[in-house]
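There are 2 protein chains.
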Amino acid sequence: MKRMRTGEKAATPMVLIGNAASCPDFVYATGFQAPDDAVFVRAGREFMIVSGLEFGRAQRVGGERGIEALTPETLKLKGARRREMSEWIVRLLKRERVGVVMVPRNFPYAAGKRIEKAGIRVKVAAGPLFPERARKNADELRQIKQSQQAAVIATRGAIEMIARSEIDGAGFLRLGGKLLTSEAVRREIGRVLLEHDAFCREIIVAGGPQSADPHEQGSGPLRAHEPIVLDIFPQNLSHGYWGDITRTVVRGSASPRLRRMYHAVKAAHAAALGRVRAGVRASSVHRSAAEALKRRGFKTGEENGRPVGFIHGTGHGVGLAVHERPSVSVNSDRLQTGNVITIEPGLYYPEVGGIRIEDTVVVTPAGWKYLVPCEKRFEI
Amino acid sequence: MKRMRTGEKAATPMVLIGNAASCPDFVYATGFQAPDDAVFVRAGREFMIVSGLEFGRAQRVGGERGIEALTPETLKLKGARRREMSEWIVRLLKRERVGVVMVPRNFPYAAGKRIEKAGIRVKVAAGPLFPERARKNADELRQIKQSQQAAVIATRGAIEMIARSEIDGAGFLRLGGKLLTSEAVRREIGRVLLEHDAFCREIIVAGGPQSADPHEQGSGPLRAHEPIVLDIFPQNLSHGYWGDITRTVVRGSASPRLRRMYHAVKAAHAAALGRVRAGVRASSVHRSAAEALKRRGFKTGEENGRPVGFIHGTGHGVGLAVHERPSVSVNSDRLQTGNVITIEPGLYYPEVGGIRIEDTVVVTPAGWKYLVPCEKRFEI
Numbered sequence: 001m002k003r004m005r006t007g008e009k010a011a012t013p014m015v016l017i018g019n020a021a022s023c024p025d026f027v028y029a030t031g032f033q034a035p036d037d038a039v040f041v042r043a044g045r046e047f048m049i050v051s052g053l054e055f056g057r058a059q060r061v062g063g064e065r066g067i068e069a070l071t072p073e074t075l076k077l078k079g080a081r082r083r084e085m086s087e088w089i090v091r092l093l094k095r096e097r098v099g100v101v102m103v104p105r106n107f108p109y110a111a112g113k114r115i116e117k118a119g120i121r122v123k124v125a126a127g128p129l130f131p132e133r134a135r136k137n138a139d140e141l142r143q144i145k146q147s148q149q150a151a152v153i154a155t156r157g158a159i160e161m162i163a164r165s166e167i168d169g170a171g172f173l174r175l176g177g178k179l180l181t182s183e184a185v186r187r188e189i190g191r192v193l194l195e196h197d198a199f200c201r202e203i204i205v206a207g208g209p210q211s212a213d214p215h216e217q218g219s220g221p222l223r224a225h226e227p228i229v230l231d232i233f234p235q236n237l238s239h240g241y242w243g244d245i246t247r248t249v250v251r252g253s254a255s256p257r258l259r260r261m262y263h264a265v266k267a268a269h270a271a272a273l274g275r276v277r278a279g280v281r282a283s284s285v286h287r288s289a290a291e292a293l294k295r296r297g298f299k300t301g302e303e304n305g306r307p308v309g310f311i312h313g314t315g316h317g318v319g320l321a322v323h324e325r326p327s328v329s330v331n332s333d334r335l336q337t338g339n340v341i342t343i344e345p346g347l348y349y350p351e352v353g354g355i356r357i358e359d360t361v362v363v364t365p366a367g368w369k370y371l372v373p374c375e376k377r378f379e380i
Numbered sequence: 001m002k003r004m005r006t007g008e009k010a011a012t013p014m015v016l017i018g019n020a021a022s023c024p025d026f027v028y029a030t031g032f033q034a035p036d037d038a039v040f041v042r043a044g045r046e047f048m049i050v051s052g053l054e055f056g057r058a059q060r061v062g063g064e065r066g067i068e069a070l071t072p073e074t075l076k077l078k079g080a081r082r083r084e085m086s087e088w089i090v091r092l093l094k095r096e097r098v099g100v101v102m103v104p105r106n107f108p109y110a111a112g113k114r115i116e117k118a119g120i121r122v123k124v125a126a127g128p129l130f131p132e133r134a135r136k137n138a139d140e141l142r143q144i145k146q147s148q149q150a151a152v153i154a155t156r157g158a159i160e161m162i163a164r165s166e167i168d169g170a171g172f173l174r175l176g177g178k179l180l181t182s183e184a185v186r187r188e189i190g191r192v193l194l195e196h197d198a199f200c201r202e203i204i205v206a207g208g209p210q211s212a213d214p215h216e217q218g219s220g221p222l223r224a225h226e227p228i229v230l231d232i233f234p235q236n237l238s239h240g241y242w243g244d245i246t247r248t249v250v251r252g253s254a255s256p257r258l259r260r261m262y263h264a265v266k267a268a269h270a271a272a273l274g275r276v277r278a279g280v281r282a283s284s285v286h287r288s289a290a291e292a293l294k295r296r297g298f299k300t301g302e303e304n305g306r307p308v309g310f311i312h313g314t315g316h317g318v319g320l321a322v323h324e325r326p327s328v329s330v331n332s333d334r335l336q337t338g339n340v341i342t343i344e345p346g347l348y349y350p351e352v353g354g355i356r357i358e359d360t361v362v363v364t365p366a367g368w369k370y371l372v373p374c375e376k377r378f379e380i
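Residue numbers (the working numbering), protein chains in the order written: chain C, 1 to 380; chain R, 1 to 380.
Where hints are given, some of them may not hold.
When chains are identical, the list treats them as one kind, so a pair holds in a single copy or across two.
As the list claims (entries may be wrong) - Derived DSSO-like pairs: lysine-lysine, alpha-carbon spacing no greater than 30 Å straight-line:
no.: 1; residue 1: Lys266; residue 2: Lys117
no.: 2; residue 1: Lys299; residue 2: Lys266
no.: 3; residue 1: Lys76; residue 2: Lys294
no.: 4; residue 1: Lys78; residue 2: Lys294
no.: 5; residue 1: Lys123; residue 2: Lys299
no.: 6; residue 1: Lys294; residue 2: Lys376
no.: 7; residue 1: Lys78; residue 2: Lys299
no.: 8; residue 1: Lys178; residue 2: Lys145
no.: 9; residue 1: Lys299; residue 2: Lys76
no.: 10; residue 1: Lys117; residue 2: Lys94
no.: 11; residue 1: Lys113; residue 2: Lys145
no.: 12; residue 1: Lys178; residue 2: Lys369
no.: 13; residue 1: Lys266; residue 2: Lys78
no.: 14; residue 1: Lys376; residue 2: Lys266
no.: 15; residue 1: Lys145; residue 2: Lys117
no.: 16; residue 1: Lys76; residue 2: Lys117
no.: 17; residue 1: Lys113; residue 2: Lys123
no.: 18; residue 1: Lys94; residue 2: Lys76
no.: 19; residue 1: Lys76; residue 2: Lys369
no.: 20; residue 1: Lys299; residue 2: Lys94
no.: 21; residue 1: Lys113; residue 2: Lys94
no.: 22; residue 1: Lys123; residue 2: Lys78
no.: 23; residue 1: Lys145; residue 2: Lys266
no.: 24; residue 1: Lys94; residue 2: Lys178
no.: 25; residue 1: Lys145; residue 2: Lys123
no.: 26; residue 1: Lys369; residue 2: Lys145
If you are wondering where the hints come from, they were derived from the structure by calculation, not from laboratory data.
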C-alpha cells in the first residue's frame, strides 16, 4: 500500500472511531485507553469526543497532548443524537467548518454515509493515518521491551517445563506423573505473562503434526522427538504495546531431517538479520531468508494442494498492534531507524511438522539490536 | 434501535467482515474463531472467505453448519486482488448475482464503497444482523455459565483476600505485612480466571473515591471502612462467551450513610429482579430499580457539573459480547425467554464512593434464574 504524502496529513482533516482494544491508531493519537468506542478528530486543532462517563479521564489524558475533550452534552446535542456517534462527528465537523475529511479504510460505513449526507466529502486514506507509528521513539521502545521481556521469561519457563518432563514408554511427555499437554504449558505461559501485566490470547504450543500449521494453537498431549512450536505475543495490559517471540524445541532427540530443518531455519534467521539496517528494502531481508532455506534444499510450493515450505513472510512490525508496518515480506517498503520488526522464518511440512524461530529487533542506522535477547535451544 | 423485520434477513443477502476478537456476529454466524479478519456472506447459501492459511480449519468448522469455505485462490483472484478483502467480496457477490447486500453499521467504509462501485447496492441494517443472538439456546447458556462460574470463583477469592487482610494504624489494608493494593487483588483475580480458561481485560477493583466512577479500574493501596467495588466480566478463551458479576465490600465497618446506600442498592437489585420475566418491557425493570433508590432518598442528578446517583442503566445482555441486546434501560424492548441479562443497579457520590451489585440471570417465561448464584457480603 502506498504511503501517504507527508503534506496530506496536515492538509486534510481526519476522523476516526475506535477503542483501546480495536484501534491502535486511536491510542496512538490520543494516549487514551478508551474502554468503549470514542472519536478522534483532527481539524486544525485536535479533539476527542467521549461519552459523559469518560469525560474526566479523557480531559486529563488528552490535556497532556493538547487534545480538547468533548461530549455529546458539551456539543449541545439533544435526544437521540446524543446516542449516535456519527451525529457527534457531524456536529463537530460542521462547527469547525470542515468540507473534506479523511477516514481510515475500516471507518464504519454507516458513519461515513452520515457524514456524506451532511455535505462533507469523505476521503479514504490511501495509506496509514499515522505513518510515523512505524518509527518508535524511546518511550515506545521501553514499552515494547516490557512486553518482550515478559514473552522471553514465559518462553524460558515453558522450555524448562518441557525439559523437566519425562518420556514415558509410549513416547508421551509426563510431568509429575501426568501427561504434559499443550494446554498445561499454555496455562503456565499465561500465568507468567499475567505476573508481568501482559496477556496473549492465542499462545501457540503446537506439537508434532500440529506444528506444521503456523496458526494452529495446539492441543492435547505432547510427545518426545517431535517439534514443539512455542509462539508467544503478549500485549501489556496498561500501555497496550506488544512483544513477539517464537522458539521451537524437541524433547528428546530430533530425526536427522528435523535437525537439518532446524539448522536451515536458524541460518535463514541469521541471514535475514544480516541484511537488516535502515535504508534496506524489507523485501531483500525476506529474500535472504527464503534463499537461505532454498540453498539448503528446502522447497516451498504445494504438496497435495497444501502450501508447504516457507509459507509466510519473514516478519512484521510490532507496536500498538502485534502486526503492523513495516511488513518484512514481498513489498517495496524500506526499513527505517526505529522500526521494530520480527524476523521469523519457518519451514512447514505436514509429514515432519514445523520449525519457526522468531526474535523482535529494533532497526538502527548500522543494523539492528535485540529488544530482549533470548538463547536458542533445540533438543532438550 | 428498531429490530429488523423477520423477513428482511432471508430476503436480503448480507456480508460482514470480522474476526473472533472484534466481531461477535462473525463467530455467531460461523462458529469459526478467526484469528484474522475473514468474510461471511449469506446469498441464498452461506459462505466464509478466509486466507489460504485458514482454509483447512474454516472448511472443518464451517462444514458443520453447511457454510462453504472459500479463499482468494479458490475464487480465482489474481495479483493485488488476492490481498484485498473487498475484492474477495465483490467477486463472490458477482458470482452469486447479488444486486443488493445488507451490511452492519460498522462495516468498513472502504469495502462498502468498493461494493457500491461494482454496481451492487449497499444497505445498512436497521437493527442487529442476528436478532436471534439475544435468545440463548442450551449450548450458549452452558457456555455463559462456564464464564460466570469463573467470575464467581474469582469474586469469592478476591473477597476472601480482602477479608483476610489486617487494618493498620493508618487505616490501610495489609496482607502478609504488605499494603494490599487494587493491583494485587486484580492480579489474583486474573490468575483464578486464567485457571478457568477465562480472561478479563478490565477487572475493576476500585476502592474509596475511585469507586464513585463506575468505569475506574482502581489503583493503589486499599483502605478500611471504604467501599471496594469488584466488577469481573471474563470471556472464555475457547468459545468466546462472557460472564459478568459485581460485588461491593467494605473491610471493617461502613458509615451509616454507606450502609443505607448498600441496602438501597440491594433493594433496587431485588426490585428489578422482581419485575424480570418474558414479555415485560426492559424499561419497566429499569424503572423499578430507579424508583427503589429514589424511594429510599437517593437522588440522581448533577452535583458540581458531575452526574451522581444512579447514573447508568440497570443492565445489559451478555453473550458473545459483554454488552449486547437487550439493554435493560430506557428503551422499548420486551424481555424474551432465553435472554441473558445483568441486573446491576448502583449509586455513586464523589464524597462517599460507589456501590454496585450485579448478577447475570436468564429470563424464563415465569421469571428468571441465576446462571451461577453468588452470596452477597458487605462488611467483612
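Now for the hints, and whether the structure bears them out:
1. Lys266 to Lys117: neither (56 Å within a copy, 47 Å between copies)
2. Lys299 to Lys266: within (16 Å within a copy, 67 Å between copies)
3. Lys76 to Lys294: Classified as between; 28 Å across copies, 64 Å inside a copy.
4. Lys78 to Lys294: between (65 Å within a copy, 25 Å between copies)
5. Lys123 to Lys299: Answer is neither; intra-copy 44 Å and inter-copy 47 Å both fail.
6. Lys294 to Lys376: within (22 Å within a copy, 65 Å between copies)
7. Lys78 to Lys299: between (64 Å within a copy, 23 Å between copies)
8. Lys178 to Lys145: This pair counts as between: shortest inter-copy Cα distance 28 Å, intra-copy 35 Å.
9. Lys299 to Lys76: between (64 Å within a copy, 24 Å between copies)
10. Lys117 to Lys94: both (12 Å within a copy, 28 Å between copies)
11. Lys113 to Lys145: Result: close neither inside a copy nor across copies, 41 Å intra and 40 Å inter.
12. Lys178 to Lys369: neither (41 Å within a copy, 39 Å between copies)
13. Lys266 to Lys78: neither (62 Å within a copy, 33 Å between copies)
14. Lys376 to Lys266: within (9 Å within a copy, 57 Å between copies)
15. Lys145 to Lys117: neither (46 Å within a copy, 44 Å between copies)
16. Lys76 to Lys117: So Lys76 and Lys117 pass the 30 Å test inside one copy only (20 Å; across, 37 Å).
17. Lys113 to Lys123: both (12 Å within a copy, 11 Å between copies)
18. Lys94 to Lys76: Within one copy only: 13 Å inside a chain, 45 Å across chains, cut-off 30 Å.
19. Lys76 to Lys369: Cα proximity of Lys76 and Lys369: none, with 51 Å in one copy and 42 Å across.
20. Lys299 to Lys94: Classified as neither; 58 Å inside a copy, 37 Å across copies.
21. Lys113 to Lys94: both (15 Å within a copy, 23 Å between copies)
22. Lys123 to Lys78: Both: 28 Å inside a copy, 27 Å across copies.
23. Lys145 to Lys266: within (23 Å within a copy, 46 Å between copies)
24. Lys94 to Lys178: Classified as neither: same-chain Cα gap 66 Å, cross-chain 55 Å, threshold 30 Å.
25. Lys145 to Lys123: neither (36 Å within a copy, 45 Å between copies)
26. Lys369 to Lys145: within (12 Å within a copy, 47 Å between copies)
Of the numbered hints listed earlier, those contradicted by the structure are 1, 5, 11, 12, 13, 15, 19, 20, 24 and 25.
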